[in-house]
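Enquirer: Protein chains in written order, with my numbering: chain A, 1 to 285; chain B, 286 to 539.
These are calculated hints, taken from the structure and not from any lab test. All values derive from a computational prediction rather than experimental measurement. Worth double-checking, as some hints may not be accurate.
Between beta-carbon pairs, the in silico distance windows are [as the list claims (entries may be wrong)]:
1. A:V201 with B:E501: 23 to 33 Å
2. B:A516 with A:L36: 34 to 44 Å
3. A:T100 with B:R305: 48 to 58 Å
4. B:A461 with A:L78: 28 to 38 Å
5. A:T100 with B:I432: 51 to 61 Å
6. B:A461 with A:I146: 55 to 65 Å
7. A:I146 with B:A395: 37 to 47 Å
8. A:G34 with B:V512: 39 to 49 Å
9. A:Q98 with B:I406: 51 to 61 Å
The beta carbon of each residue, even a glycine, is placed where N, CA and C say it ideally should be.
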Amino acid sequence: MATIRRAIAIPAVRRDPLAVTGLGLGTLALLLLGLLAATVFLRTWQGVFQWAAWDSKLPEFTRWWKTLFWGEIAFNALLGLAWAGWALAGCSTCRAQQRTLGRVLPWHQLRHVCVGLAQSLVITYSAAMLLGVFGEQDASWHQVAIRDTALTPSHIPLFYFWFPLVVVSAVGFSLYTRTRIEAYHRGVSPYSLKNIPISLVLTVIGTLGLMAWVAVNEYAHSQFQAEELFSATLHAGFIFFFVVAAAVASSWFELLGEGWRLLRASLAEVRPGAEAELPVGGAAN
Amino acid sequence: MPVAEVSRQAYELPALPLVRRWERVLDLLIVVAFAPLVAAGTTIFLILAGGDWDFWVDWKDRTWWPFIASSVNIVVPAALQYVFWKYLRLPIGATLAVLAGLITVWVDRALNFHFWVLYPIPLVWPAVFGFQALLLDGILAVSRSLIVTGLLGALLWGFIFYHTNWFILAPYLQPADYHGQLLTVADIMGLEYPRTATPEYLRIIEKGALRAFLGETTLVVSFFCGVVSVAGYWLGHVIGRYVTNWIGRFMRLW
Numbered sequence: 001m002a003t004i005r006r007a008i009a010i011p012a013v014r015r016d017p018l019a020v021t022g023l024g025l026g027t028l029a030l031l032l033l034g035l036l037a038a039t040v041f042l043r044t045w046q047g048v049f050q051w052a053a054w055d056s057k058l059p060e061f062t063r064w065w066k067t068l069f070w071g072e073i074a075f076n077a078l079l080g081l082a083w084a085g086w087a088l089a090g091c092s093t094c095r096a097q098q099r100t101l102g103r104v105l106p107w108h109q110l111r112h113v114c115v116g117l118a119q120s121l122v123i124t125y126s127a128a129m130l131l132g133v134f135g136e137q138d139a140s141w142h143q144v145a146i147r148d149t150a151l152t153p154s155h156i157p158l159f160y161f162w163f164p165l166v167v168v169s170a171v172g173f174s175l176y177t178r179t180r181i182e183a184y185h186r187g188v189s190p191y192s193l194k195n196i197p198i199s200l201v202l203t204v205i206g207t208l209g210l211m212a213w214v215a216v217n218e219y220a221h222s223q224f225q226a227e228e229l230f231s232a233t234l235h236a237g238f239i240f241f242f243v244v245a246a247a248v249a250s251s252w253f254e255l256l257g258e259g260w261r262l263l264r265a266s267l268a269e270v271r272p273g274a275e276a277e278l279p280v281g282g283a284a285n
Numbered sequence: 286m287p288v289a290e291v292s293r294q295a296y297e298l299p300a301l302p303l304v305r306r307w308e309r310v311l312d313l314l315i316v317v318a319f320a321p322l323v324a325a326g327t328t329i330f331l332i333l334a335g336g337d338w339d340f341w342v343d344w345k346d347r348t349w350w351p352f353i354a355s356s357v358n359i360v361v362p363a364a365l366q367y368v369f370w371k372y373l374r375l376p377i378g379a380t381l382a383v384l385a386g387l388i389t390v391w392v393d394r395a396l397n398f399h400f401w402v403l404y405p406i407p408l409v410w411p412a413v414f415g416f417q418a419l420l421l422d423g424i425l426a427v428s429r430s431l432i433v434t435g436l437l438g439a440l441l442w443g444f445i446f447y448h449t450n451w452f453i454l455a456p457y458l459q460p461a462d463y464h465g466q467l468l469t470v471a472d473i474m475g476l477e478y479p480r481t482a483t484p485e486y487l488r489i490i491e492k493g494a495l496r497a498f499l500g501e502t503t504l505v506v507s508f509f510c511g512v513v514s515v516a517g518y519w520l521g522h523v524i525g526r527y528v529t530n531w532i533g534r535f536m537r538l539w
């Protein structure tokens, strides 16, 4: 309620609407801390309980590794539902402003743009973990131990935490931007081909393709090649990651363009004439 | 007019505190979100296309390692160099890509290869690309031409690869007598730390396939690496150009 009252009162009070604290830095810090905590937790778990991972038939394996496996599945499922639900529920401030002012104030939308950019950190960090640190880690473990099942101490964090997190975060990020940024739910997005946003197409293709290749990878390892020679043709399909990267990059282009438009609109409202000093077309002239 | 003066006038934003504050926030958001993506992209090319050649010291021969590692690892730096030069006029793309990849790779080798599965660091050290990246970006900064960089810079990238990694590799190529067989120290390390799916012939470095190079093996291999790296550079250039152009055109940004 205080936020809505402040939002309505802003044009009269002429407060600085672009105070740094309102532009997603808190979200960024929280997400980064959470991701680092997850990385440290998983790596520590692997180090402490690796002794129980040599044989999947051991009761210790069930106790420590199947627990982690189911915990990761539950975590990602709940996170996905919560993130998508929160995104689809919309913003109460936006609704209040629409109801009282007939429009959403541009600096409030600017905050949504910045929070959206902060959320994209989850996608890129997860990608760096799954393709960099935990991906190479898979090579290290499976050069020592040939798999007996698909559930190994390197696979459980890699394929059942970081991979689903890339999918969950890409979907959540797409839903957030589409429910919070006016350019999308105006129905006439300038960033689409035949009214379908490019970033959404790339997100769907990339995440589905990546998950599908994970399944193909495990099937082929079980059927044809049990060892983990990393430069094998089988691993080439993980190049699907670049479609996800293109999806994230195209979303950044969309958000940056929208952000500059909103900044110009914000300056026009608060300091009329100031927006004329901005370079035409955005920052990168 | 001096170049510095033109740059200042062209790129310095007016002294609006709101704009400056928003610029700083945006820079922070983009850099923090973008850096892991660069690291992931550089690493994925490295581990998928040249993985085992970078993982193990006994795979670091002159037959395969130089041209695979150098040609594979130039693709993402070239793509990023194009993006940074074309749209920001900053000759830092290759260095950023290599730095991000280097950090990720070393975190992995230390935390996972060494502290988890207990392979010694001398067995699993990654190749060095910092010199090549600085050279590539330096040539771009001096020539201000992507074509010159793509030809001369990429050629030098491949050519100096083996030589810049020589100072790390040399101790492991010392000869050793192992049960009456003449092997290198790297071969012995490879035999002492068996890995799944390592064929026998790859454990012995240079079993004789390069004798046609008439004693100048390193120079011929280095030149060949340079040529293949030129091809890798232009592949990265195409990725950088057409992916960003295609996306940007649909976004109607340019």
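Enquirer: Compare the structure with each hint and give your call.
Expert: To see whether the hints hold, each was checked on the structure:
Against the hinted window of 23 to 33 Å, the Cβ-Cβ separation of A:V201 and B:E501 comes to about 52 Å, which falls outside the hint. The hinted window of 34 to 44 Å between B:A516 and A:L36 holds, with their beta carbons roughly 39 Å apart. Separation of A:T100 from B:R305 is about 31 Å and departs from the stated range, judged on CB atoms against 48 to 58 Å. Between B:A461 and A:L78, the C-beta spacing of about 56 Å breaks the proposed range 28 to 38 Å.
A hinted range of 51 to 61 Å for the beta carbons of A:T100 and B:I432 is consistent with their spacing of about 58 Å. For B:A461 paired with A:I146, a C-beta distance near 29 Å fails the hint of 55 to 65 Å. A C-beta distance of roughly 24 Å is found between A:I146 and B:A395, which places it outside the suggested range of 37 to 47 Å. At about 47 Å, the CB distance of A:G34 to B:V512 agrees with the hint of 39 to 49 Å.
Between A:Q98 and B:I406 the beta carbon distance is about 59 Å. The supplied range of 51 to 61 Å therefore holds.
Comparing the model with each numbered hint stated earlier shows that hints 1, 3, 4, 6 and 7 do not hold.
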